[in-house]
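**Student:** Read off the chains here:
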Amino acid sequence: MAQKPAARKTNPSGGVLPQVLWKKTGGSYLLTNDAGHYAWLKEKDFAAITAGRLAETGPLFAELASKGFIRDRLDFNDLAAKWKKKNAYLNYGPGLHILVLTLRCNHKCLYCQSAAAGLGAAYTDMSLATARKSVDFALNSPAMGITLEFQGGEPLLNWKALKGTVEYARKKAKTRGKDLKLALVSNFSLMDAEKAGFLLANEISICTSLDGPKDLHNKNRIFTGGNSHGETLKWLKYFQKKHAAQSPDYRVFKPGALLTVSKYSLSRHREIIDEYARAGLEDIFIRPLAPIGYARNLWDTIGYEAKDFAVFYLKSLDYILKLNRQGVVIREKTAAMMLDKIINFQDPGYLDARCPCGAAIGQIAYNYNGDLYTCDEGRMVGWAGDDLFKIGNVFRDAYKKVMSNGVTRVCVVSSNLEAQPACARCAYKPYCGVCPVYNYATQGSLWGNMPSNDRCGLFKGIFETLFALLKKPGNAAILKRWAGK
Amino acid sequence: MKKQEHEKNIVKVGLKDYDLDTVRYAAYAVSDAAYVFITPAGKGAVAVEFTPKHQPVTGHQSPVTGHRSPVTSHRSQAGNLARRFREELKDEKIRAAVFDANRDLREFMILKALSYDTAGAPPEQEDSGLTPEQEKELDALIAQVESEIKRESAGSGTKDPLGITRTWEEKYGAKTGRKKN
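Heads up: the protein sequence lines correspond to chains S and V, in order.
Taken in order, the first sequence gives residues 1 to 485; the numbers are from this note's numbering.
Taken in order, the second sequence gives residues 1001 to 1181; the numbers are from this note's numbering.
Bear in mind the hints are in silico, worked out from the structure with no lab data behind them.
Take the hints with a grain of salt, since some may be wrong.
What the hints assert, rightly or not - Label pairs and their computed distance ranges (CB to CB):
| hint | chain 1 | residue 1 | chain 2 | residue 2 | range |
| --- | --- | --- | --- | --- | --- |
| 1 | S | Asn91 | V | Leu1015 | 42 to 48 Å |
| 2 | S | Arg287 | V | Leu1020 | 39 to 45 Å |
| 3 | V | Leu1020 | S | Gly406 | 38 to 44 Å |
| 4 | V | Lys1053 | S | Ala424 | 50 to 56 Å |
What the hints assert, rightly or not - Restricting the straight-line Cα-Cα distance to at most 25 Å, the calculated cross-link-like pairs of lysine-lysine (DSS-like) are:
| hint | chain 1 | residue 1 | chain 2 | residue 2 |
| --- | --- | --- | --- | --- |
| 5 | S | Lys429 | V | Lys1112 |
| 6 | V | Lys1093 | S | Lys23 |
| 7 | S | Lys460 | S | Lys315 |
| 8 | V | Lys1090 | S | Lys24 |
| 9 | S | Lys44 | V | Lys1090 |
Where is the CB? At the ideal position from N, CA and C, for every residue including glycine.
Isolated chain S (complex conformation) (with noise of 0.2 Å):
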């Protein structure tokens, strides 16, 4: 007598999923879960799971129950690990300091044209001791590692204040044992070997702007005293030789470069990427124009939706992947940090991406006159007349004392993603972060309104593009490298 075949075992769970986020796209979902964790599920096994009808015994039980989707399989230690690595800044204080050491320039940039200072402003530049106090005060961060930024304006239009905090910072992070990072990031337009070799001499790592090719880079920086894409290519050239040779007595930093995306950048992604892979640069960090401080006043002109962004990132994505095949070695930075969350469970250092957000209590900016902010857009908002980011003074203020004001603290409430409505609910939450600083700026609230939010719209795009990529097991191979690297 043949034996009546056994019953499939299905989902002892009784349909009840544990705590899972997902999003319908096409006939798929995708699912996450605090841990970090990622599953595609065909709408059927969806169904399925949810009714409690997903068999024991196939492969996509097995892979779901490792990933923390099937509610009596939980590995309470592997989520935990997981989320404590994602979170781990969550036990350091601030770790970014940025210094404006002047609001002066000698470019005129269409995106920040009135937000730094002309040449003769020399107010706007930090004396030494506001500098020192500065350090001093960023020195009293329980974080273990702390990078000091120097920004402007141009910083090196106050040279002699930039040297100075080098030195004094230098001295005074080896008594308190901490790990100082030193970073610049410049034109270049008034670099020389003397400066260079000091910068260099003192580990400082140095970052510029390359917005392109010749014609559009000096289109969206104007330099009247000269040629700024020939003075970026030339410096960018000079520090990766020395990068290249390195030194017996220092370590010498790749250089870095910055894009940012203007209306006339968006017909030409192409162009741009070829430029910097030209330059020998292996990351390019394409950002969008935010309409926050000054470069609102010019969004008509230079300004675009998030839909535009959204077109042009894809398309340079597409275009590095292809890169990538041929054998040239380039990555984009926003993809590869948030590829860092999703396949490594890594926290990359992205501050505008981490919940809370990094203001204040992962970074700090430094105005030149000792005002604190909660952040460098919390600052341009300041300097556009609105000082509601401000967030103390560093001759005035203790550090406990910023870090427990309203300010600080309105922030952290505002960008916690289990408090906005649409973000506790959206599968990308494990590796997004909202930002109340482009919500007041936009939206008039700290809060904001995710659903007709542009920022939130462009980082769901990436989220949908990156996912999307993951899913093709070619681009996936050279994705996960971007992340490991």
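With the hints as your guide, set chain V onto chain S.
**Tutor:** Quick look at chain V alone, frame taken from chain S:
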């Protein structure tokens, strides 16, 4: 006609099927495209009214999927909003059930994560609140007291004639490991 279109922008929801929070969250999800007003509509029901924020759009193309949305009229825009809202309602009902069922598990996991493996962290240095000079003085004082105690206990037995301060081992030697019979 206008009135007719306006009426089509109202969706009635029974609170037996969906609680008010579910209705609110579903309404919030479509707030990119419409202003949403929720008002009581008799016993156990609410009326959800949509006022589109924008004029009907024509053929917007998704940057990611490349799909082009169809040309919309006022009427179809209203229909789309109502359809989106109903889908969100169904989705939100599942989300609410998932959240309620997992609240404790989730809190447990996050608490576990927050207290997870702190072994690698360097021990915090205690701050005595003393200046270096005061620390030196204190160390010298402790050393002096310790040496006095040592001297006293090492001297004649007059201070402890019965050997009360001596340990069992000092008095009788270490254990031999013999078993009791």
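**Student:** Confirm or reject each hint.
**Tutor:** Results for each hint:
Restraint check, S:Asn91 to V:Leu1015: a C-beta distance of roughly 44 Å satisfies the suggested window 42 to 48 Å. The supplied range of 39 to 45 Å is met by S:Arg287 and V:Leu1020, whose beta-carbon atoms lie about 41 Å from each other. The given range of 38 to 44 Å is broken by V:Leu1020 and S:Gly406, whose C-beta atoms sit roughly 32 Å from each other. Between V:Lys1053 and S:Ala424, the C-beta spacing of about 23 Å breaks the proposed range 50 to 56 Å.
Restraint check for S:Lys429 and V:Lys1112: satisfied, since their Cα atoms lie roughly 20 Å apart, inside the 25 Å limit. For the proposed pair V:Lys1093 and S:Lys23, the alpha carbon gap of about 15 Å is at most 25 Å, so the pair holds. Distance check on the hinted pair: S:Lys460 and S:Lys315 sit about 16 Å apart at the alpha-carbon level, within 25 Å; holds. Our distance criterion of 25 Å between C-alpha atoms is met by V:Lys1090 and S:Lys24, whose separation comes to about 13 Å.
Restraint check for S:Lys44 and V:Lys1090: satisfied, since their Cα atoms lie roughly 17 Å apart, inside the 25 Å limit.
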